[in-house]
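A.B. asks: Please put together the full structure from these sequences, using the hints given.
Residue numbers (my numbering), protein chains in the order written: chain A, 2 to 208; chain B, 2 to 208.
Since the hints were made in silico from the structure, they are not lab data.
As the list makes no split between identical chains, a pair holds if one copy fits it or if it spans any two.
Capping the alpha-carbon separation at 20 Å, the derived lysine to aspartate or glutamate pairs in DMTMM-like fashion look like this:
1. K136 <-> D178
2. K153 <-> D47
3. K40 <-> E122
4. K153 <-> E65
5. K153 <-> E191
Predicted model, so just to flag it, every value in this text is computed and none were measured.
2 protein chains.
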Amino acid sequence: MTDWPILHEYAASGNCYKIRLTAAFLDLPIERREYDIMKGETRTADFLAHVNANGRIPVLQVGERFLPESNAACFWLAEGTHLVPHDRFDRADMLRWMFFEQYNHEPNIATLRFWMGWVGERNLTDLQRAQIPAKQEAGRAALALMDEHLAKQDWLAGHALSLADVALYAYTHVAEDSGLFVLSETPAVERWIARIEAEPGFAAMSA
Amino acid sequence: MTDWPILHEYAASGNCYKIRLTAAFLDLPIERREYDIMKGETRTADFLAHVNANGRIPVLQVGERFLPESNAACFWLAEGTHLVPHDRFDRADMLRWMFFEQYNHEPNIATLRFWMGWVGERNLTDLQRAQIPAKQEAGRAALALMDEHLAKQDWLAGHALSLADVALYAYTHVAEDSGLFVLSETPAVERWIARIEAEPGFAAMSA
Chain A
2 MTDWPILHEY
12 AASGNCYKIR
22 LTAAFLDLPI
32 ERREYDIMKG
42 ETRTADFLAH
52 VNANGRIPVL
62 QVGERFLPES
72 NAACFWLAEG
82 THLVPHDRFD
92 RADMLRWMFF
102 EQYNHEPNIA
112 TLRFWMGWVG
122 ERNLTDLQRA
132 QIPAKQEAGR
142 AALALMDEHL
152 AKQDWLAGHA
162 LSLADVALYA
172 YTHVAEDSGL
182 FVLSETPAVE
192 RWIARIEAEP
202 GFAAMSA
Chain B
2 MTDWPILHEY
12 AASGNCYKIR
22 LTAAFLDLPI
32 ERREYDIMKG
42 ETRTADFLAH
52 VNANGRIPVL
62 QVGERFLPES
72 NAACFWLAEG
82 THLVPHDRFD
92 RADMLRWMFF
102 EQYNHEPNIA
112 TLRFWMGWVG
122 ERNLTDLQRA
132 QIPAKQEAGR
142 AALALMDEHL
152 AKQDWLAGHA
162 LSLADVALYA
172 YTHVAEDSGL
182 FVLSETPAVE
192 RWIARIEAEP
202 GFAAMSA
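C.D. replies: As structure tokens, this is what we get:
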């Protein structure tokens with residue numbers, strides 16, 4: 002037993018990586034517990050009853066309490082640190098980008114990465130295959146919006162690295178995995194990726 | 002000119018209503034500015050340049066700054082009030098339900114309400130029509146997860162009404178508008194709806 006938070010995760014998931022990256026930037030220890038989502042290990046009766054009734058990872062366990070939703074787990078780890086802006090508006094603006102991530106970015110860019118790279122295009126259902134063009138277009142629009150914003154300022158919210166950058170970095174830097182996005186089309190996003198990777202404490206997804 | 006925050010909105014949108022309901026519970030004045038999304042009034046060059054490059058409402062304007070994303074706007078209004086739990090874990094858990102709302106609830110329950118009640122089933126694209134069964138199933142799963150949770154506790158996060166309840170109330174209480182959800186199947190959700198409507202300061206969506 003340890004007093005460290007336990008991350009219930011699948012390491013290749015960008016949503017899980019966000020939490021590890023937050024912990025790395027803050028130099029906080031976390032214990033990692035791996036589940037193979039491709040084998041249904043987060044849909045077992047035990048997982049649903051004790052870790053997350055929603056059957057999804059990541060979940061951050063703090064003592065006997067369980068916190069699903071990657072961005073909420075990042076917030077729990079980082080509240081009161083330099084990864085959360087001090088200014089009230091900037092703090093809400095950080096959350097604005099994190100909600101954008103879950104609504105406009107993840108369902109397109111992360112889902113296409115999973116479909117093309119994990120499930121495999123030939124194994125998709127007809128309905129999934131029919132959604133690819135719309136998800137590609139919506140994912141491009143999300144990257145273009147980030148690019149327009151990052152052409153004007155170094156960080157998504159406030160004047161320094163925040164959870165907004167961590168949350169959006171996770172699936173942006175591997176967006177090309179699906180074969181459906183080209184990051185050189187969004188040069189301000191590419192420069193922002195390099196800025197994040199140069200920050201003290203940065204840890205790669207594979208670490 | 003006023004010093005009150007300005008809500009750029011479409012009144013029938015649950016995402017906009019969340020912000021009005023937060024302000025009502027906190028007895029905060031806001032100025033309302035209406036756009037007809039059915040006439041494309043949030044896609045004009047002026048709106049995209051000055052209010053939200055993402056072309057979406059709601060946006061909360063605070064002085065000369067603009068805050069998109071409904072749940073971020075609620076957070077800006079409510080931080081430090083009784084609508085945000087004092088306990089650190091409960092506060093992150095509140096955000097957990099707000100991210101769940103944007104990822105698991107809104108894209109299914111709100112989207113079907115919009116498609117069936119505003120666009121009209123006959124005007125949907127083939128791809129939209131093909132997505133109805135999956136969105137209905139995912140929306141039911143979201144309501145079932147809330148029901149299981151609310152059978153054990155009165156409020157979604159912590160021990161009192163919070164932004165988590167406000168955010169999820171907005172589209173839950175009108176879920177039946179699409180004709181695809183039946184709230185009596187989730188009795189704990191029904192009791193929770195009644196609890197919210199009995200709280201001091203509550204304001205109806207049509208108010």
